[in-house]
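Number of protein chains: 2
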Amino acid sequence: MRNIKLVIEYDGTNYCGWQTQPNGIAIQEVLEQVIEKVTQQKVSLNGSGRTDSGVHAIGQVASFTTNSSIPSEIFSLAINAFLPNDISVVRSEEVALDFHARFSAKGKTYRYYIWNDKRRSGILSNLTCHIPVALDVDKMHQAAQCFVGQHDFSAFMAQGSSIKTTVREIYSAKVFQVTNPFGDEIGKMICIELTGSGFLYNMVRIIAGTLMEVALCKRSEVQVIEALSKGERTMAGQTMPPEGLFLYEVIY
Amino acid sequence: MRNIKLVIEYDGTNYCGWQTQPNGIAIQEVLEQVIEKVTQQKVSLNGSGRTDSGVHAIGQVASFTTNSSIPSEIFSLAINAFLPNDISVVRSEEVALDFHARFSAKGKTYRYYIWNDKRRSGILSNLTCHIPVALDVDKMHQAAQCFVGQHDFSAFMAQGSSIKTTVREIYSAKVFQVTNPFGDEIGKMICIELTGSGFLYNMVRIIAGTLMEVALCKRSEVQVIEALSKGERTMAGQTMPPEGLFLYEVIY
Numbered sequence: 001m002r003n004i005k006l007v008i009e010y011d012g013t014n015y016c017g018w019q020t021q022p023n024g025i026a027i028q029e030v031l032e033q034v035i036e037k038v039t040q041q042k043v044s045l046n047g048s049g050r051t052d053s054g055v056h057a058i059g060q061v062a063s064f065t066t067n068s069s070i071p072s073e074i075f076s077l078a079i080n081a082f083l084p085n086d087i088s089v090v091r092s093e094e095v096a097l098d099f100h101a102r103f104s105a106k107g108k109t110y111r112y113y114i115w116n117d118k119r120r121s122g123i124l125s126n127l128t129c130h131i132p133v134a135l136d137v138d139k140m141h142q143a144a145q146c147f148v149g150q151h152d153f154s155a156f157m158a159q160g161s162s163i164k165t166t167v168r169e170i171y172s173a174k175v176f177q178v179t180n181p182f183g184d185e186i187g188k189m190i191c192i193e194l195t196g197s198g199f200l201y202n203m204v205r206i207i208a209g210t211l212m213e214v215a216l217c218k219r220s221e222v223q224v225i226e227a228l229s230k231g232e233r234t235m236a237g238q239t240m241p242p243e244g245l246f247l248y249e250v251i252y
Numbered sequence: 001m002r003n004i005k006l007v008i009e010y011d012g013t014n015y016c017g018w019q020t021q022p023n024g025i026a027i028q029e030v031l032e033q034v035i036e037k038v039t040q041q042k043v044s045l046n047g048s049g050r051t052d053s054g055v056h057a058i059g060q061v062a063s064f065t066t067n068s069s070i071p072s073e074i075f076s077l078a079i080n081a082f083l084p085n086d087i088s089v090v091r092s093e094e095v096a097l098d099f100h101a102r103f104s105a106k107g108k109t110y111r112y113y114i115w116n117d118k119r120r121s122g123i124l125s126n127l128t129c130h131i132p133v134a135l136d137v138d139k140m141h142q143a144a145q146c147f148v149g150q151h152d153f154s155a156f157m158a159q160g161s162s163i164k165t166t167v168r169e170i171y172s173a174k175v176f177q178v179t180n181p182f183g184d185e186i187g188k189m190i191c192i193e194l195t196g197s198g199f200l201y202n203m204v205r206i207i208a209g210t211l212m213e214v215a216l217c218k219r220s221e222v223q224v225i226e227a228l229s230k231g232e233r234t235m236a237g238q239t240m241p242p243e244g245l246f247l248y249e250v251i252y
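Keeping their order, the protein sequence lines are chains A and B. Number 29 in my numbering belongs to position 29 of the first sequence; there are no gaps in the numbering. Number 110 in my numbering belongs to position 110 of the second sequence; there are no gaps in the numbering.
Keep in mind the hints are simulated off the structure, nothing from the lab. Treat the hints with care, as some may be off.
[What the hints assert, rightly or not] Subject to a maximum C-alpha distance of 16 Å in a straight line, what follows is the list of computed EDC-like cross-link-like pairs (lysine to aspartate or glutamate):
#1 106/A with 213/A
#2 106/B with 249/B
#3 139/B with 213/B
#4 118/A with 73/B
#5 139/B with 184/B
#6 174/B with 184/A
#7 188/A with 136/A
#8 118/B with 136/A
#9 174/A with 136/A
#10 174/A with 184/B
#11 230/A with 152/A
#12 174/A with 249/A
Fair warning: this is a prediction, and the values are worked out from it, not measured in the lab.
Given only the sequences and the hints, what does the whole structure look like? Please build it.
Right, here's the structure in full:
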């Protein structure tokens, strides 16, 4: 038996999310069907974690065990031949049998992309969240540092989530401008990047909403620190929409 | 009567092209319907030129005349409020009554984007053309210089096009790498940019196909020059697919 690790990139716009659900098409489901076609065997794909409907990935990781003799690096090409255009396996490799995409993960990096211009983008509307009011990137970057370190992120979690512990560690937080390759404008695209041990449900989207509110002077850094210490959801910012969110990397 | 000029950005993936057609939804048609809603008047939108199904625009230009008293810069915001996400008016301004988006144009810039990696992009599949074999960007840029100047572009036009003259002038031709903002990889995205007095049907896509074949050593620079002088379509490269093509700017 071999254990195959896949690194997967996808545009989540047309899917109900990573995990197979009763309604809508899930990315996991599409991949499993294609892998079964390629290997001629029933497979069960273990992902590093769910992504919600409309959320994207650059480096989602999933693994499956198989008896297939296909060379490990060929899996990506063979699977891609059958996948729809908005899902791509960018790397495939054989890993130890005890590797588990979720339980072996040491951390994750998420990115949240904002289209910051008075006018919407027609080209990147599914891949960015449109904020029409000018945001101060330096101010957001500075406020983002409040999240670095080990904290109880109760205030930054969707209400109703049941989980053992709400303590997570953020290793780094960055807010920076990126260039839109389709327009060359500088300053219209902003990226929030968070790397941490793990993330609670909606945590990145709530942190992004909080940083945006800091940039708009609706919230102060002191209030962010207070929200972290008090743990009340109402003290943190709004949950940003899914289209700006990317699972960027899973660290092992 | 006022003449309003719009600069329009769109992802052409889900449309039959710019121009209204019997089958499929056209970008022109969607815009006209929204402008009629905003101005409460019947309008006829003049575009700078057609774009085919699946072709995108960063700076398509179109104009319409109206009696509406809406301030010119407000049109973009009012129209955007009703447009679907994949079309956006990025600028609106009042221009002289004799301005015509097509006939007043002095030139155009087109861009063709290639995703140059063994694996497809799951994120940018509708906005780039996937070429899995490594391309030499410098070689493509050098070969692109053959097109600069005034030439008869008969060999670089879709067969069957009826047109008065096939002579066009290319002002500049560049091939360069761009950074993918969603992945930060350098070298996976290549852009071919052509600025000229005007372009024949499929001309950019055939030039892009020819440059790609030069990069793959299937065609030499000498053969490119020969194709230009002989004017035979069979002597030029293949027509690249629409998804990599962007109408980048219309020059007035």
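For each hint, the structure was consulted:
{"no.": "1", "hint": "106/A with 213/A", "in the structure": "violated, 30 Å"}
{"no.": "2", "hint": "106/B with 249/B", "in the structure": "holds, 11 Å"}
{"no.": "3", "hint": "139/B with 213/B", "in the structure": "holds, 11 Å"}
{"no.": "4", "hint": "118/A with 73/B", "in the structure": "holds, 12 Å"}
{"no.": "5", "hint": "139/B with 184/B", "in the structure": "violated, 24 Å"}
{"no.": "6", "hint": "174/B with 184/A", "in the structure": "holds, 15 Å"}
{"no.": "7", "hint": "188/A with 136/A", "in the structure": "holds, 12 Å"}
{"no.": "8", "hint": "118/B with 136/A", "in the structure": "violated, 38 Å"}
{"no.": "9", "hint": "174/A with 136/A", "in the structure": "holds, 13 Å"}
{"no.": "10", "hint": "174/A with 184/B", "in the structure": "holds, 15 Å"}
{"no.": "11", "hint": "230/A with 152/A", "in the structure": "holds, 9 Å"}
{"no.": "12", "hint": "174/A with 249/A", "in the structure": "holds, 15 Å"}
Figure legend: structure checked against the earlier numbered hints; hints not met, in rising order: 1, 5 and 8.
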